[in-house]
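J.: Spelled out from the first residue to the last, the chains are:
There are 2 protein chains.
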Amino acid sequence: MAEFDLIAMIRARATMRGGVLLGIGDDAALLHVPAGHELVVTADTLNAGVHFPEDTAPADIGWKALAANLSDLASMGARPAWCTLSLSLPQADAGWLEGFLDGFLELAAMHGIALVGGDTTRGPLSIAVTAMGLVETGAALRRDRARIGDDIWVTGTLGDAAAALVLAGHMPAIEGVAPPEDARIAAALRMRLERPTPRVEAGRALLGLAHACVDVSDGLLADLGHVCERSGVGADIELAALPASTALRQAFGDGAGRIALQAGGGDDYELCFTAPPVVREAVAMVLEQAGVECSRIGRVVTGDGVRALAADGSRWQTPPGGYVHFG
Amino acid sequence: MAEFDLIAMIRARATMRGGVLLGIGDDAALLHVPAGHELVVTADTLNAGVHFPEDTAPADIGWKALAANLSDLASMGARPAWCTLSLSLPQADAGWLEGFLDGFLELAAMHGIALVGGDTTRGPLSIAVTAMGLVETGAALRRDRARIGDDIWVTGTLGDAAAALVLAGHMPAIEGVAPPEDARIAAALRMRLERPTPRVEAGRALLGLAHACVDVSDGLLADLGHVCERSGVGADIELAALPASTALRQAFGDGAGRIALQAGGGDDYELCFTAPPVVREAVAMVLEQAGVECSRIGRVVTGDGVRALAADGSRWQTPPGGYVHFG
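Here the protein sequences line up with chains A and B, keeping their order.
Counting from 1, position 275 in the first sequence corresponds to residue 274 in numbering that gives the first Met the number 0; the numbering is continuous, with no gaps.
Counting from 1, position 127 in the second sequence corresponds to residue 126 in numbering that gives the first Met the number 0; the numbering is continuous, with no gaps.
Relax, there's no trap hidden among the hints.
Using C-beta positions, here's what the derived DEER-type ranges look like:
id : chain 1 : residue 1 : chain 2 : residue 2 : range
1  : B       : 53        : A       : 194       : 32 to 40 Å
2  : B       : 53        : A       : 290       : 46 to 54 Å
3  : B       : 16        : A       : 288       : 35 to 43 Å
4  : B       : 55        : A       : 249       : 49 to 57 Å
Honestly, the hints are just simulated from the structure, not real lab data.
Small disclaimer: the values here were computed from a predicted structure and weren't measured.
Think of the CB as a built atom: it goes at the ideal place given N, C-alpha and C, for glycine as much as any other residue.
Chain A with its partners taken away, still in its complex shape (with noise of 0.2 Å):
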């Protein structure tokens, strides 16, 4: 199988959307961006044995990629357009890149975002994606604009990514917490890991009320570090407002182990946002119209950095980092 056979196989499942003058097949995809609109772009790589383990379903794998990318997009209260996908793959196997493609193109007509484009390669099993999105003009959220009072938000729950990574062994066992006896405990905890939700209809629904908003993909404190740093306020943290899921309860009670997972574990693909007090009950609805739970967990400051405390008002006196991928 060669490579131009893999390009047949991904352009034949690629599906269109309105805007696309020109998909895969040429030197490069031609696209229509109205009026009115900014173009948003990111790109996020995932890399065998780093970002997933080396056991991970093809499909899962598939779906993770366009999530963390679609993710960036929801941060930005973007409207998903259009990907570039380079895949380099050890060999040309055409079962693993139909599992791949699975995943990815469920994602991605859950999204209306189109496939337009991108590459296969031989090398070893790296997945790149750029995606494309749009946003009213002006309208886009962004981290650098927190400002003094607000109050600190995130969607969902968070840790669940990290207990999976705890729980298959590929970060380090928790002291005092044994593995879940309830295999469904685990199965919840991994499916959040292997097939992240990102928030995207939250982020739409957050335009026009949120000041400043970051995903959750390096962990709370570091993400939302992002976001003081580039606003230039500090954040003060109530670490047992951080909002926790029932198996992760289940699996890991409500120890420091637990809270830890929570404000520093990467992976969870929600969005942390701030909000002036005014908009609380505006935010609250329109999250619920949207089908997205979301916690107050925290306010503004003045000052710098992010400051987590712990129920007694004490500051939390090792906060766990971010996911780092070097050092």
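Using the hints provided, position chain B relative to the given structure of chain A.
T.: Then chain B, alone, in the frame of chain A:
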């Protein structure tokens, strides 16, 4: 050195250009596409040991990674605008990254393309670039527009890059051809392999004149074959008309071995295009003004596929295939 430090290094050196509302440093870039233009998007990946020899200098890798993408924009007649860079590195090596950026950003500055996002990850050396360009609405050059009777043209010269791979022992030696004694000849050929010139100005000049266009990255016969397939036509190529550099003639003479490099070798990044005979003089003139040599090498005919004809009119018996990354 952590991933964030690498990104900071890249961000500090990336230059801006018009249309960048938000560059590196948020979850995504925000870009403005001017009215009356289409967005042109291409993605091309280079992997160590597959697309370049392992001992290639970092600056040459950086140059070539961008050049391959700019060449795709050139073949559409697009003006380069923005790009993303997804860089997988075995370790966080600041010296390597500085060298890589020297080459990448030197070429970027020459073409006014802004690096607006991407990521750095740990993994085997791989460089995935997505390049975005702009072309006037409806004006793009495409593969599927060749017409019966068109002249077939190629810019510059062919075969130098493949010759450099032969001399370096990365492609099979050619029977009866000895390596050149003059080291400057080998150096000239190697320069074409490592620092290819994307024909951006030529692509722009050909808008309104050329019917179909493709860049020669996989080899002339293979790439022209794509044009034939997409346009539903055939092509007759005169092998004696294929343009050769002085260095290539000096190193490989005038035999079948040299012609095979020109017809089948990839990595030249010249443009192959078709245009009606009525604009023959106009084509020669605009390309001369763009400072790019050009040669007429054949004709678009009825049928399908590419026929490579020797000087006596006989058909080339074993047309060499293009580069095939898999198989």
